[in-house]
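K.L.:
Sequence:
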Amino acid sequence: MQQNTLSRDISYATAARSKPGRALIRALENATGRRHLIRRAAGYEAEIAQGRSFWQVIPDRFGLTFDIIGGSLSNIPRSGPLVLIANHPYGILDGLMLGKLLDASRGDFRILANSVFRRAEDLNRVLLPISFEETKAAVKLNLETRATALSYLGQGGAIGVFPGGTVSTSAKPFSHPMDPGWRNFTAKMIARSDATVVPVYFEGHNSRLFQLASRLHSNLRLALLLKEFKSRIDEPVRVVIGDPMPRHLCPFAFAASVL
34 MQQNTLSRDI SYATAARSKP GRALIRALEN ATGRRHLIRR AAGYEAEIAQ GRSFWQVIPD
94 RFGLTFDIIG GSLSNIPRSG PLVLIANHPY GILDGLMLGK LLDASRGDFR ILANSVFRRA
154 EDLNRVLLPI SFEETKAAVK LNLETRATAL SYLGQGGAIG VFPGGTVSTS AKPFSHPMDP
214 GWRNFTAKMI ARSDATVVPV YFEGHNSRLF QLASRLHSNL RLALLLKEFK SRIDEPVRVV
274 IGDPMPRHLC PFAFAASVL
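Plus 33 on top of the position in the sequence shown (first one is 1) and you've got my numbering.
By construction, these hints were calculated from the structure, which means they are not laboratory data. One should not assume that every hint holds.
What the hints assert, rightly or not - List time: in silico SDA-like cross-link candidates among lysine to any residue, alpha-carbon distance up to 20 Å:
id : residue 1 : residue 2
1  : K263      : G66
2  : K260      : T65
3  : K263      : M278
4  : K221      : F165
5  : K221      : K263
To be verified - Derived CB-CB ranges, DEER-like:
id : residue 1 : residue 2 : range
6  : G237      : L106      : 34 to 42 Å
7  : S184      : A60       : 38 to 46 Å
8  : N217      : A137      : 26 to 34 Å
Quick reminder that beta carbons are idealized off the backbone N, C-alpha and C, glycines included.
Work out the full structure: start from the sequences and follow the hints.
P.N.:
Here it is as structure tokens:
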């Protein structure tokens, strides 16, 4: 993937429903750090060609390392069907680091993520796309993705997912940001598989500016996600890796199984 292709693909602009919305998001992204991020990533393909994985190279390019403040990497089973569930405080940062965790522990894996990132070739190999639009096409896509995910788990694969579906947001202007409740998608996927579940917690949250923008308009919220990522590069990411739970002990999966 060439640099100009990466610059076109890594953006939230395609998530907007209108042409003016896409233009606004792209303009704000470019003004608040997107081009700097692209420069940091420039030439990463050469490192991948030398045998390193995308999930090793890109976090390194952005100076991102783990500070494991609870649990350990050994909590993630090295084989067998696995679902890694994580909170979603930041956006891109969480996705990159969840991939880095899975890459370090399993090698081959998939991540359930917003379909906007299917445009990026290096991510498209790993991502299982989900859509939050209220359309027939979105419902069809999500059903197909769930079937693919269950098949992959049935073959002993590992999947990372953010069960709330969207980035943590404050319910009130100055309240603590929280993930939304689990979407049925994740709970049913776990309930219908025999996967072990490992919870992962990323410490922190996005800025107050992001929280206020989220209350004003969804396009402003989307436009600031790259800015939030840029503000956290070159810093360790504090994370807790919980103990593995068999599927039947996961409370959300149990609730889904009796619905």
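K.L.:
The structure should be examined with respect to each hint, and the outcome stated for every one.
P.N.:
We went through each hint and held it up to the structure:
1. K263 x G66: holds, 6 Å
2. K260 x T65: holds, 5 Å
3. K263 x M278: violated, 34 Å
4. K221 x F165: holds, 17 Å
5. K221 x K263: violated, 34 Å
6. G237 x L106: 34 to 42 Å: Because 20 Å falls outside the window, the suggested range is violated.
7. S184 x A60: 38 to 46 Å: holds, 41 Å
8. N217 x A137: 26 to 34 Å: Between N217 and A137, where Cβ atoms are some 30 Å apart, the hint holds.
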